[in-house]
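Trainee: Single-letter residue listing:
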Amino acid sequence: MERLLKDKVAILVFVLPAALIYLFSVFVPICWSTYYSLFSGLPGINFKFVGLSNFAKMWSDRIFLGAFGMNMAYVAIVVVGQVGLGLLLSLLFMFGIRKYKTLVRTIVFFPVVLPVVAVGQLFSKIFEITPTNGLFNSLLVLLGLGNWVQPWLGQPTSAFLVLCFMDIWTAMGFYAIIFYAALMDIPTDIIEAAHIDGANGFRLLKSVLLPSLRPITLACLIFSFTGTLKVFESSLALTRGGPGTATKTLSMYMYDSSFLHSQYGYGSAIAVFILIECVVITAVLNGVLKSRES
Amino acid sequence: MNNSKLGSRLTSLLFKVFVVLFLALELYPIIWMLLSSFKATQEFTQNPSYSLPEGFYFQNYVDAWTTGKMGIFFKNSLITTVVSLVFIVLFSTSVSFALVKMHWKLRNAALSFFMSGIMVPVTIVLIPLFSMYKELHLLNTYWSLIITYTGFGLALSVFLISSYMRSMPDELIEAAVIDGCSIYKVFWKVVVPLSMNAIVTVLVIQFFFRWNDMLFSMTFISRTAMKTVQTGLLYFSDEWGNKNWGAIFAAISIGVMPTLGLYAALNKLVIDGMTAGAVKG
Numbered sequence: 001m002e003r004l005l006k007d008k009v010a011i012l013v014f015v016l017p018a019a020l021i022y023l024f025s026v027f028v029p030i031c032w033s034t035y036y037s038l039f040s041g042l043p044g045i046n047f048k049f050v051g052l053s054n055f056a057k058m059w060s061d062r063i064f065l066g067a068f069g070m071n072m073a074y075v076a077i078v079v080v081g082q083v084g085l086g087l088l089l090s091l092l093f094m095f096g097i098r099k100y101k102t103l104v105r106t107i108v109f110f111p112v113v114l115p116v117v118a119v120g121q122l123f124s125k126i127f128e129i130t131p132t133n134g135l136f137n138s139l140l141v142l143l144g145l146g147n148w149v150q151p152w153l154g155q156p157t158s159a160f161l162v163l164c165f166m167d168i169w170t171a172m173g174f175y176a177i178i179f180y181a182a183l184m185d186i187p188t189d190i191i192e193a194a195h196i197d198g199a200n201g202f203r204l205l206k207s208v209l210l211p212s213l214r215p216i217t218l219a220c221l222i223f224s225f226t227g228t229l230k231v232f233e234s235s236l237a238l239t240r241g242g243p244g245t246a247t248k249t250l251s252m253y254m255y256d257s258s259f260l261h262s263q264y265g266y267g268s269a270i271a272v273f274i275l276i277e278c279v280v281i282t283a284v285l286n287g288v289l290k291s292r293e294s
Numbered sequence: 001m002n003n004s005k006l007g008s009r010l011t012s013l014l015f016k017v018f019v020v021l022f023l024a025l026e027l028y029p030i031i032w033m034l035l036s037s038f039k040a041t042q043e044f045t046q047n048p049s050y051s052l053p054e055g056f057y058f059q060n061y062v063d064a065w066t067t068g069k070m071g072i073f074f075k076n077s078l079i080t081t082v083v084s085l086v087f088i089v090l091f092s093t094s095v096s097f098a099l100v101k102m103h104w105k106l107r108n109a110a111l112s113f114f115m116s117g118i119m120v121p122v123t124i125v126l127i128p129l130f131s132m133y134k135e136l137h138l139l140n141t142y143w144s145l146i147i148t149y150t151g152f153g154l155a156l157s158v159f160l161i162s163s164y165m166r167s168m169p170d171e172l173i174e175a176a177v178i179d180g181c182s183i184y185k186v187f188w189k190v191v192v193p194l195s196m197n198a199i200v201t202v203l204v205i206q207f208f209f210r211w212n213d214m215l216f217s218m219t220f221i222s223r224t225a226m227k228t229v230q231t232g233l234l235y236f237s238d239e240w241g242n243k244n245w246g247a248i249f250a251a252i253s254i255g256v257m258p259t260l261g262l263y264a265a266l267n268k269l270v271i272d273g274m275t276a277g278a279v280k281g
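Which chain is which? The protein sequence lines are W and H, in order. Note that the working numbering has the first sequence beginning at 1, numbered continuously upward. Note that the working numbering has the second sequence beginning at 1, numbered continuously upward.
Hint data in this document are derived by calculation from the structure and do not stem from the laboratory. Quick reminder that beta carbons are idealized off the backbone N, C-alpha and C, glycines included. Just to be clear, a hint being listed does not mean it is correct.
Derived CB-CB ranges, DEER-like [said to hold, decoys possible]:
| no. | chain 1 | residue 1 | chain 2 | residue 2 | range |
| --- | --- | --- | --- | --- | --- |
| 1 | H | F58 | W | T132 | 13 to 23 Å |
| 2 | H | K268 | W | F165 | 23 to 33 Å |
| 3 | W | I129 | H | F58 | 24 to 34 Å |
| 4 | H | G55 | W | I45 | 56 to 66 Å |
| 5 | W | I186 | H | A40 | 49 to 59 Å |
| 6 | W | I45 | H | A40 | 44 to 54 Å |
| 7 | W | E2 | H | F22 | 52 to 62 Å |
| 8 | H | I79 | W | R203 | 50 to 60 Å |
| 9 | H | G261 | W | N286 | 36 to 46 Å |
| 10 | H | F22 | W | K6 | 52 to 62 Å |
Quick list of in silico lysine to aspartate or glutamate cross-link-like pairs, EDC-like style, CA-CA up to 16 Å [as the list claims (entries may be wrong)]:
| no. | chain 1 | residue 1 | chain 2 | residue 2 |
| --- | --- | --- | --- | --- |
| 11 | H | K101 | W | D7 |
| 12 | H | K105 | W | D7 |
| 13 | H | K185 | W | D7 |
| 14 | H | K189 | H | D179 |
| 15 | W | K6 | H | E174 |
Take a look, some chain H residues computed to stay more than 10 Å from chain W by CB distance [stated by the list, open to error]:
| no. | residue |
| --- | --- |
| 16 | L6 |
| 17 | R9 |
| 18 | L52 |
| 19 | F56 |
| 20 | T67 |
| 21 | K75 |
| 22 | V82 |
| 23 | H137 |
| 24 | Y142 |
| 25 | M165 |
| 26 | L172 |
Full structure from sequences and hints, please.
Mentor: Written out as structure tokens, the structure reads:
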């Protein structure tokens, strides 16, 4: 028995193929990128060790700063939208809806499974103005708000807001389901006891529900933050980062630097920067969880 | 009827209206897309966008599938997704078995190794992988995508399957060993069938992740004939621009169809699987 479960050859057969693929496609590239971020130029042509100066260069690069600022504003709006609306929806499932609960949940989760590219293309048609009004503009005309018709994706601010709206629209159902599962896990006698003590509505939410939801809220926040910090596909599919660079995210700028301008070193540095952002925010949020627990 | 009763009736009605409006906001864009994919070209310019199609103009789908090459993109997506799913399931099940049920020194280190990539932003591996595949002449091949999809599918899948296996009683394995099974037979005849629940969850989650991939496909594939559905859609709208809306809507609908079908058939499984993946991951 023990001999069989210690069989070294069998362990190798079970682990080695996966370990090699994983090493090759995930582990080594991460280390490799980190190493590249200390160089400038293109390997084999003008590759030069520059230490940390790529990271210093970012802060005087106007396009980087623009993308960084836009990315931060996007993160702030979309995280609040996704997690906040997700929480509200879950409360709605829990206390508001009696019939058709499953159907409502199935519908709300639906956009989550759609390909981001398809959603982006769909929204770009919804907010289209040429050669003909898309869904949104044509509905405005129908409602007699014809003078509100405008090129939503052709103006920096409105394009940015459409992008935020789209990504909240896609993901809020996902968070709603997670919060709902957590709400169902709260023992009913706790909620009943609070009712008897006269806690209703807002007080019930503040003193009973939210404290029990704290761990799951942090998990959702981490997921939402890391997802929005690295946003790429949705912006590319909706606006290609435009108009101008209005919706160009950090990840897109990393991609352009690397593959359009052949700056592998600088591109890697931006990729590492995004990874650091994700690690820091995860560590901070985990720290918050730990300090509250103790 | 007294005032407070009337008031609560009114709130409840308002509430219902709100819920219905909200669900409409979630569903209407998708319904609009499907309806628009059946509109003839002149309908887009003559009628407002919200109007219903005048008939079922299937030519859009024919155009998208043949002239628009969606048929080719679809085939490419199907091959890369299915092959990588096979590898992901095979590898993550065997690794999990070795990690959870077998006894060896480095198994904790191996677990952390596989978990290390669970939340890594994809952008960070693009340059190294692009360089490697270029050296190995794997750019514009199925293998570039299959290898990457498999590697990136492993972390979460190993995590989900190994947590599931931990609750599997060791007695079943012992009984099989006493019956004289080899370790490979134990794995194949006992452990795999018992892990089916976790395997199905992994299959479903990974199908969505791999089918919906755009970043790897747009980095490693530049030849039109090798593009997958997602990058094909981008190419498609660039090529066709604003000329043929009907075909664009048909193409988007084709790209959405497999996910839509799978979700319609297995919605509870999909919801449970995807949320479990996020919360635990």
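Trainee: Is 56 to 66 Å right for how far apart the beta carbons of G55(H) and I45(W) are?
Mentor: holds, 58 Å
Trainee: Non-interface claim for L6(H): all C-beta distances to chain W beyond 10 Å?
Mentor: Since the minimum Cβ distance to chain W is about 20 Å, L6(H) lies beyond 10 Å and the statement holds.
Trainee: Is it true that K268(H) and F165(W) lie within 23 to 33 Å of each other by Cβ?
Mentor: holds, 28 Å
Trainee: Would the least Cβ to Cβ distance between F56(H) and chain W come out above 10 Å?
Mentor: holds, 20 Å
Trainee: Using the beta carbons of F22(H) and K6(W), state whether their distance is inside 52 to 62 Å or not.
Mentor: holds, 57 Å
Trainee: Given the range 50 to 60 Å, decide if the beta-carbon distance of I79(H) to R203(W) lies inside it.
Mentor: holds, 57 Å
Trainee: Hey, does R9(H) actually stay past 10 Å from chain W on C-beta?
Mentor: holds, 15 Å
Trainee: How does the Cβ-Cβ distance of I129(W) and F58(H) compare with 24 to 34 Å: does it lie in that range?
Mentor: holds, 28 Å
Trainee: With d taken as the least Cβ-Cβ distance between M165(H) and chain W, does d exceed 10 Å?
Mentor: holds, 12 Å
Trainee: In terms of Cβ atoms, is chain W entirely out of 10 Å range of K75(H)?
Mentor: holds, 17 Å
Trainee: Taking 36 to 46 Å as the hint, is the beta-carbon distance of G261(H) and N286(W) inside that range?
Mentor: With a Cβ separation near 38 Å, G261(H) and N286(W) satisfy 36 to 46 Å, so the hint holds.
Trainee: Are the Cα atoms of K6(W) and E174(H) separated by 16 Å or less?
Mentor: holds, 14 Å
Against the hints set out earlier in the document, no violation occurs for any number.
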